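Asker: Using the sequences provided together with the hints, build the complete structure.
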Amino acid sequence: MIATRRTVLRIGGVILAGLAGTASGSTGEAAEIAMRGNEDGSDVWYDPVGLHVRPGQTIRWTNHDAGNAHTATAYHPHNAGHPTRIPQDAAPWNSDYLLPGESFAVTLLVEGVYDYFCIPHELAGMVGRILRGGSVRRSQTAQRDHRERFVARCIS
Amino acid sequence: MRFSLAALALAGMFASPALAADQVAKAPPDGDYRKVSELVKLPDFLPGLGQLFVDPATLPAGPFLAYDHDGSLVSTIYMLPVADLTDKDKSFDDLAAPGGAVDHVDVYFNAGHPGVEMPHAHVVLWHVRAADEARVAQ
Ligand SMILES: [Cu+2]
Chain S
1 MIATRRTVLR IGGVILAGLA GTASGSTGEA AEIAMRGNED GSDVWYDPVG
51 LHVRPGQTIR WTNHDAGNAH TATAYHPHNA GHPTRIPQDA APWNSDYLLP
101 GESFAVTLLV EGVYDYFCIP HELAGMVGRI LRGGSVRRSQ TAQRDHRERF
151 VARCIS
Chain Z
1 MRFSLAALAL AGMFASPALA ADQVAKAPPD GDYRKVSELV KLPDFLPGLG
51 QLFVDPATLP AGPFLAYDHD GSLVSTIYML PVADLTDKDK SFDDLAAPGG
101 AVDHVDVYFN AGHPGVEMPH AHVVLWHVRA ADEARVAQ
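Protein sequence lines correspond, in order, to chains S and Z.
Mind the numbering: the first sequence is residues 1 to 156 in the numbering used here, read in order.
Mind the numbering: the second sequence is residues 1 to 138 in the numbering used here, read in order.
No lab work stands behind these hints, which were simulated from the structure alone.
It is possible that some hints are incorrect.
As the list claims (entries may be wrong) - With the C-beta cut set under 10 Å, the calculated list includes, among others, these residues of chain S facing chain Z: (1) Ala34; (2) Asn38; (3) His121; (4) Leu123.
In this text, all values refer to a predicted model and were calculated from it rather than measured experimentally.
All C-beta atoms in this analysis are idealised placements derived from N, C-alpha and C, irrespective of residue type, glycine included.
Answerer: Okay, here's the thing in structure tokens:
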């Protein structure tokens, strides 16, 4: 199950293909967030619900719920008119529906607090928060990517 | 007399669009039912429920018809949004029930899933004995 699907966000008219691993300088292991649900589907959640990541660290969501599909979707007007709850300069992401076993990854290039939700489960309280710490590479990243602030990629 | 009874029975058959149990006993069911996994992004076989079919015109309530790995009908499921159940101006009337004899019923909360993207209740009419629910456990 390697790279059967790749999603790339289009930002400012620029297609950012394949930059996620390099543009921000990957620093160590990806931070993993599991999408979970109990057996009868009466409860669903992100595990962990809150996460601190280092600059350049990739965040990867994986659906571990055998009986449901989930999304990781940034709070932003681009995503079904939701309020903005990510940093001003950051671009929104939407994983779209992930079936059991599927993954989606982002690297956040802007420091700050990011809130996100699951499209079919927001009403059930399936929401999460990421704190992206201050960047040791901020100037380097800014030079390279000042138009390209955000990259998403999906690995199934 | 025999003739008129037969005529009545025949008229009744054609007057009613309802499906008979033998038309839904095996997957895929007759009528306007479509496989749920082809309508929305969900696994084809849902642990605890089975392989689901629904007539899209009846969403969200259904009925959903659930089949085991051999394609035999195990349950008829209605998905009733909690917001509708607590809305005095909403009700669910005349929901179809083509699956035949019901052995027992389960009712439980579901947080939502593609197709019915809001918290809702599953009302499950099992057409098999409780011990045979294992046929769709995995
Ligand atoms: Cu979810």
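Asker: If a hint holds in the structure, say so; if it doesn't, say that too.
Answerer: Evaluation of the provided hints:
no., hint, in the structure
1, Ala34, "16 Å, violated"
2, Asn38, "9 Å, holds"
3, His121, "5 Å, holds"
4, Leu123, "5 Å, holds"
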